[in-house]
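Participant: Spelled out, the chains give:
Number of protein chains: 2
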Amino acid sequence: MAELKNDRFIRALLKQDVDVTPVWMMRQAGRYLPEYREVRQEAGSFMDLCQNPELACEVTLQPLRRYALDAAILFSDILTIPDAMGLGLYFEQGEGPKFKKPVQTPADVEDLEVISTEKDLPYVLDAVKLIRKALNGSVPLIGFSGSPWTVATYMVEGGSSKEFANIKSMMMNTPEVMHELLGKLADSVTDYLNAQIRAGAQAVQIFDTWGGALSAHAYETFSLNYMKKIVSGLVREHEGHRVPVILFTKNGGHWLEKIVESDCDCVGLDWTIPINEARARVGDKVALQGNMDPAVLYGGDDIIRNEIALILKQFGHGNGHVFNLGHGIHQFVNPDHVTTFVDAVHELSAQYHQ
Amino acid sequence: MAELKNDRFIRALLKQDVDVTPVWMMRQAGRYLPEYREVRQEAGSFMDLCQNPELACEVTLQPLRRYALDAAILFSDILTIPDAMGLGLYFEQGEGPKFKKPVQTPADVEDLEVISTEKDLPYVLDAVKLIRKALNGSVPLIGFSGSPWTVATYMVEGGSSKEFANIKSMMMNTPEVMHELLGKLADSVTDYLNAQIRAGAQAVQIFDTWGGALSAHAYETFSLNYMKKIVSGLVREHEGHRVPVILFTKNGGHWLEKIVESDCDCVGLDWTIPINEARARVGDKVALQGNMDPAVLYGGDDIIRNEIALILKQFGHGNGHVFNLGHGIHQFVNPDHVTTFVDAVHELSAQYHQ
Chain D
855 MAELKNDRFI RALLKQDVDV TPVWMMRQAG RYLPEYREVR QEAGSFMDLC
905 QNPELACEVT LQPLRRYALD AAILFSDILT IPDAMGLGLY FEQGEGPKFK
955 KPVQTPADVE DLEVISTEKD LPYVLDAVKL IRKALNGSVP LIGFSGSPWT
1005 VATYMVEGGS SKEFANIKSM MMNTPEVMHE LLGKLADSVT DYLNAQIRAG
1055 AQAVQIFDTW GGALSAHAYE TFSLNYMKKI VSGLVREHEG HRVPVILFTK
1105 NGGHWLEKIV ESDCDCVGLD WTIPINEARA RVGDKVALQG NMDPAVLYGG
1155 DDIIRNEIAL ILKQFGHGNG HVFNLGHGIH QFVNPDHVTT FVDAVHELSA
1205 QYHQ
Chain V
855 MAELKNDRFI RALLKQDVDV TPVWMMRQAG RYLPEYREVR QEAGSFMDLC
905 QNPELACEVT LQPLRRYALD AAILFSDILT IPDAMGLGLY FEQGEGPKFK
955 KPVQTPADVE DLEVISTEKD LPYVLDAVKL IRKALNGSVP LIGFSGSPWT
1005 VATYMVEGGS SKEFANIKSM MMNTPEVMHE LLGKLADSVT DYLNAQIRAG
1055 AQAVQIFDTW GGALSAHAYE TFSLNYMKKI VSGLVREHEG HRVPVILFTK
1105 NGGHWLEKIV ESDCDCVGLD WTIPINEARA RVGDKVALQG NMDPAVLYGG
1155 DDIIRNEIAL ILKQFGHGNG HVFNLGHGIH QFVNPDHVTT FVDAVHELSA
1205 QYHQ
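So the sequence lines, in the order shown, correspond to chains D and V.
Read in order, the letters of the first sequence correspond to residues 855 to 1208 in this note's numbering.
Read in order, the letters of the second sequence correspond to residues 855 to 1208 in this note's numbering.
Note that these hints are calculated values from the structure, not bench results.
Don't take every hint at face value.
Since the list can't tell identical chains apart, any single copy or any two copies may satisfy a pair.
Subject to a maximum C-alpha distance of 30 Å in a straight line, what follows is the list of computed DSS-like cross-link-like pairs (lysine-lysine) [said to hold, decoys possible]:
| no. | residue 1 | residue 2 |
| --- | --- | --- |
| 1 | Lys1167 | Lys1016 |
| 2 | Lys987 | Lys955 |
| 3 | Lys1038 | Lys869 |
| 4 | Lys859 | Lys1139 |
| 5 | Lys859 | Lys954 |
Please construct the entire structure, taking both the sequences and the accompanying hints into account.
Facilitator: See below:
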């Protein structure tokens, strides 16, 4: 494998010196790009696109052709694992993900089998290999997975949810069933991320999009503990390099002190907590990733640059900052605004790395 | 007007001694009650129900007949103000609120007029008067309004939203237009709450359901500052009694220190922050309301009682706690579980008030 030409992202995750703050965006390969929409239409359904390694590779690379991003992220979905478990993932126009066979009973949970990524999700590993080859060391490739709790919410609710009535009922009334489901998912995610690492992913992120819907103690019991279990089972060195792990719990800012105990390298932040406050709370234990409101990209150049300047100033001098949005880029953002965003992070951050 | 027979709720808001912790629930008059669904069907649309003072009074009283609640809350909607401004509020089956004429341009904002509650929303004041009379001093009546920011999100998006693309674009690119809209709403809310107080509301709550979608500095500028302005314009004494004010920002736990500077009497909490942490941060400045996850009501008796015991223990001894859910009660909760909830708060809290 080619050595990395740009390793800012990896270095920042490991709290090492960098020349400027590295930057990437959650969902950087996505619907705001016309070239993505073209490939998406060509592919057929969203899942057809995910399951086609050549096309998944192509859309992964698209944002890197436009922008000076410091990392690529595998194009895939957080629900590939339950799909591989046989739940039948599909996407209805404008309605988000759905499952043909949601998990509704203890017997449904019992019937689920921990996945073998090599056997059950070869298309993901093929995509990782193709992307690594195509990147040719230009920037590192991020692999990812949903957290067990977040993936379970979709499996039990049958799709997206606001109130999480079914899964929270399961959690309250049959915690042993909930733990069985989360345990199978944790084992599956561990296998999935390790397979991605062995196929070429140089860092991994766990997306806990819905951990923030829980109370503090339920978060620890039903989400964080399973992410910790995954982190403890991950391959942390590959090809002679450290493979950093990022944990991102949306609306998880109250629990940073707990999250850093997971042995992750970096904690992702949404935009509700100022990054200086987060840094003061976690100290030198981990790097931080974030945390601009994606909606700032609706603003003009000055607005975007001012917000970036504020966040960089809040983080201040020192190592361990990966710039990112606080959640995925929105569909209707003007792609030219992203040029402003990426370039401004590099330009305005240089002064903090002298 | 009859003197209050049960003034625990008011006393707790003012941090005075109580025998047990008072309890009420957001959306306690609502769809989880079969008798509510009956009246709702009879009334026609949801807005027909809101606009009929006799029926609004009836559904306000329904939960008080079943449960030993320590307060009643006016049955109404946070979007009555924009409806009175001429935006044409309606509810589509399963889709939440919509506006026929959303606010889309600076001219739309300019055309809006601050409401006069007496003239524009007489049905709300008639309902308040009827409810006060019907309560006959049994428990206090809470009046309420949405916050300017939260109400504005629906006005500009035309309904519910996940990403708030339109209003955040307005906020970023034309802040002067955003401030004009929020200023008109703040003046309207002030008039609205004062009219409710004069009609008989004995405490008021401002619901900032979507303030938590903002960054810390945007929250302060575009949501909190307007709530502060409202609080400073409210009637705080009526009928010889203090009228306490509760501010509730969902997902606002990061900003408690700022919120208490608003001169409110009480801050409402969702369930993501442990109430002992909140109390440690706000000190003796305000009372706290909350903060059980509404989903706990899906659990059986032991689960509900254990969670209540935990929250009461977290708050500990001393005055200034109103027990509540961290958001509205869910539609599919078993009404019998609410009996367990209300009674357990009273039973289990007595030891903290000796």
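Participant: Against this structure, judge whether each hint is valid.
Facilitator: Okay, the hints, checked on the actual structure:
1. Lys1167 with Lys1016: between (35 Å within a copy, 29 Å between copies)
2. Lys987 with Lys955: neither (37 Å within a copy, 53 Å between copies)
3. Lys1038 with Lys869: Neither, since 33 Å and 48 Å both go past 30 Å.
4. Lys859 with Lys1139: Cα proximity of Lys859 and Lys1139: one copy only (27 Å, versus 55 Å across).
5. Lys859 with Lys954: For Lys859 and Lys954, neither the intra-copy (44 Å) nor the inter-copy (55 Å) Cα distance is at most 30 Å.
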